[in-house]
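Those sequence lines, one after another, are chains A and B. Sequential numbering from 5 applies to the first sequence in this note's numbering. Sequential numbering from 5 applies to the second sequence in this note's numbering.
Just so you know, the hints here were simulated from the structure itself, not pulled from any lab data. We put the CB at the ideal spot given by N, CA and C, even for glycine. One or more hints might be untrue.
What the hints assert, rightly or not - A short list of chain A residues far from chain B (calculated; beta carbon distances all over 10 Å):
(1) Thr31
(2) Ser78
(3) Glu81
(4) Phe85
(5) Cys88
(6) Asn161
(7) Gly178
(8) Asp193
(9) Pro196
(10) Phe211
(11) Asp226
(12) Gln240
(13) Ala242
To be verified - Among the chain B residues that face chain A by a calculated CB cut under 10 Å, a handful are:
(14) Leu50
(15) Ala55
(16) Ser78
(17) Tyr109
(18) Glu110
(19) Glu113
(20) Ser147
(21) Arg183
(22) Arg280
(23) Gln284
Said to hold, decoys possible - Ranges between beta-carbon positions, derived for each pair:
(24) B:Gly185 - A:Arg67: 24 to 32 Å
(25) A:Gly123 - B:Pro276: 24 to 32 Å
(26) B:Thr209 - A:Arg67: 15 to 23 Å
(27) B:Ala75 - A:Ala75: 47 to 55 Å
(28) A:Ala28 - B:Ala230: 41 to 49 Å
(29) B:Ala75 - A:Thr245: 36 to 44 Å
(30) A:Pro181 - B:Ala165: 15 to 23 Å
(31) B:Thr164 - A:Ala199: 52 to 60 Å
(32) B:Thr209 - A:Asn126: 54 to 62 Å
Protein chains: 2
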Amino acid sequence: MAAALALAGCATAPAVSPQSATAAAPTVPPAMQWLYGSGESAASSLQAYSAFRDHVLAAARARPAQSVVLAPGSTLEAPRFLACGDKPLAVILDVDETAIQNLGYEYDEAYRARSYDEGIWNRWEQTGANAVAPVPGAVDALSAVREAGVTVIFNSNRLTANAAQTQAALEAAGLGPARPGETLWLKGDIAPGSAKDPRRAAVATRFCVIAMAGDQLGDFSDLFNAEDLAVPRRRQAAASTPFAEMWGNGWFMLSNPVYGPSLQGDFDDVFPVDRRWSDQGGN
Amino acid sequence: MAAALALAGCATAPAVSPQSATAAAPTVPPAMQWLYGSGESAASSLQAYSAFRDHVLAAARARPAQSVVLAPGSTLEAPRFLACGDKPLAVILDVDETAIQNLGYEYDEAYRARSYDEGIWNRWEQTGANAVAPVPGAVDALSAVREAGVTVIFNSNRLTANAAQTQAALEAAGLGPARPGETLWLKGDIAPGSAKDPRRAAVATRFCVIAMAGDQLGDFSDLFNAEDLAVPRRRQAAASTPFAEMWGNGWFMLSNPVYGPSLQGDFDDVFPVDRRWSDQGGN
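Isolated chain A (complex conformation) (with noise of 0.2 Å):
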């Protein structure tokens, strides 16, 4: 099945000859190379996931009178966080490069040397289910969080369309259960649009939200995706008080080098212009 895939690859790919000096034969993006194939990824998503579980572990004993969702009316200058009252306890958790690998997908992406596009996505949503990995850590991490009591919540925003899809991924990758609607939060659910801050909101009317996990600042609050927030600015909000406090502390952060909005910038803000050299050549 597995070589058949691969065959049907190779089939419709573009033409490769790596004798040819113009036409390089695909290679595998350094970005993936990391997250999928390094030791050192697998260990970084280790980590995260057991700084996750040791939170949600003590939260779940300690009940936090505080959750950690946003509530309405914050500003990154002046964010206040959502009461827990006496709600039942949960997590909430992105899916993609979060708690799934999408290595089907990435593998076609790279192999075709292809950018993203939302239709090849739409079809992986329906029918890669069974060419994803679990990130390490998350499998033991979602167990044991699930055996305090504590319900794990997904919110993503693959299509309320594909939720059936979505689901078996999960439950294919060790992850589940996730019932769409009631642990599995999608695009179009709630309201329109690729917002997530909506349907955090609806799962803290009926829930304590004691962590978040994700792999963009989108994944904590929709803040950090507001159109005129310029680069520098972003990594400096989530790198400054108060947010600075949550990464490892209820907001726990998995890295991707590959895709989102983490990718972004020119050299001007990306290189701050006191921390610039110029070689000068050798003696």
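On the provided structure of chain A, position chain B as indicated by the hints.
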């Protein structure tokens, strides 16, 4: 000064004409956008250093019987950790992209669209001390660790010949003190070559090492750098018992998708054959 450096960069960079179809303007590689420009990466390292600090403070109180440094004769299949005795406590950190970000060097490399060059890196070690920044979270964590009476020791493959400048870079970033031969160990110290085990062993004769931090598996054990270790097996070793339990629990990984031995592998190495998928086109 910064402007002068930037201008110097422009003056010696290859001619760039954004209007030309054949000579594209340099762009920031995605992995650098993520590591140096994103809030996601800042969150990831703040989270790692939060776990590092908490672990070290707890271990300093508990005084573990075992160090986190592997004993000589260990293998990936049968590792043993050194005993601590009543030695004073220390932590060992890598330098580049673990404690400091090499912003100046990476800017120069990306702006000139060059790949790694040993001669340029050597000049960077010699003259770049003021164009680095601390990795988010490192300054506060190292300060807390030292306050608890734990010695901070750096183990880097920068050159012994440039020890004074590497000390200056660490101290300019707020991460010092770092004393060559005492708390700063470099390539050429103890033994020739880039293996870090001999330096770890030397530190461990005097200290009980309660935590290590790095961005590459070789910052924890040279066993992961064995030449005959295939990419998938290297990842599997890092993610399996007994090493899986070390991440976030004595061994702390900083995510670095920009360079290093973590960036290896062809399609067969990175994408398991049973997790492939091929788009079959629209209906």
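Hint check:
1. Thr31: violated (7 Å)
2. Ser78: holds (16 Å)
3. Glu81: holds (15 Å)
4. Phe85: holds (17 Å)
5. Cys88: Cys88 (chain A) is indeed farther than 10 Å from all Cβ atoms of chain B, at 22 Å.
6. Asn161: Label holds. Min Cβ-Cβ 16 Å, cutoff 10 Å.
7. Gly178: It holds; Gly178 (chain A) is separated from chain B by about 14 Å at its closest Cβ, greater than 10 Å.
8. Asp193: holds (24 Å)
9. Pro196: Fine: 23 Å to the nearest Cβ keeps Pro196 (chain A) off the interface.
10. Phe211: Check passes; 23 Å lies beyond 10 Å.
11. Asp226: holds (13 Å)
12. Gln240: Not fine: 8 Å to the nearest Cβ puts Gln240 (chain A) too close to chain B.
13. Ala242: Non-interface label on Ala242 (chain A) violated, nearest chain B Cβ at 3 Å vs cutoff 10 Å.
14. Leu50: Constraint on Leu50 (chain B) satisfied, holds at 4 Å.
15. Ala55: Status holds, d = 5 Å.
16. Ser78: For Ser78 (chain B), the interface hint is violated, since the closest Cβ of chain A sits about 16 Å away, which is over 10 Å.
17. Tyr109: Holds - the Cβ of Tyr109 (chain B) comes within 10 Å of chain A, reaching about 6 Å at its closest.
18. Glu110: holds (8 Å)
19. Glu113: Cβ of Glu113 (chain B) sits 9 Å from chain A, so the hint holds.
20. Ser147: Cβ of Ser147 (chain B) sits 15 Å from chain A, so the hint is violated.
21. Arg183: violated (25 Å)
22. Arg280: Since the shortest Cβ distance to chain A is 5 Å, the answer is holds.
23. Gln284: holds (7 Å)
24. B:Gly185 - A:Arg67: 24 to 32 Å: violated (51 Å)
25. A:Gly123 - B:Pro276: 24 to 32 Å: Roughly 25 Å apart at Cβ, these two residues keep to the hinted range, so it holds.
26. B:Thr209 - A:Arg67: 15 to 23 Å: Given a distance of about 47 Å, which is not inside 15 to 23 Å, the answer is violated.
27. B:Ala75 - A:Ala75: 47 to 55 Å: holds (52 Å)
28. A:Ala28 - B:Ala230: 41 to 49 Å: violated (30 Å)
29. B:Ala75 - A:Thr245: 36 to 44 Å: holds (42 Å)
30. A:Pro181 - B:Ala165: 15 to 23 Å: Once the Cβ atoms are compared, 59 Å apart, the range 15 to 23 Å for Ala165 (chain B) and Pro181 (chain A) is violated.
31. B:Thr164 - A:Ala199: 52 to 60 Å: holds (53 Å)
32. B:Thr209 - A:Asn126: 54 to 62 Å: holds (59 Å)
The structure does not agree with the numbered hints 1, 12, 13, 16, 20, 21, 24, 26, 28 and 30 stated previously, though it agrees with the rest.
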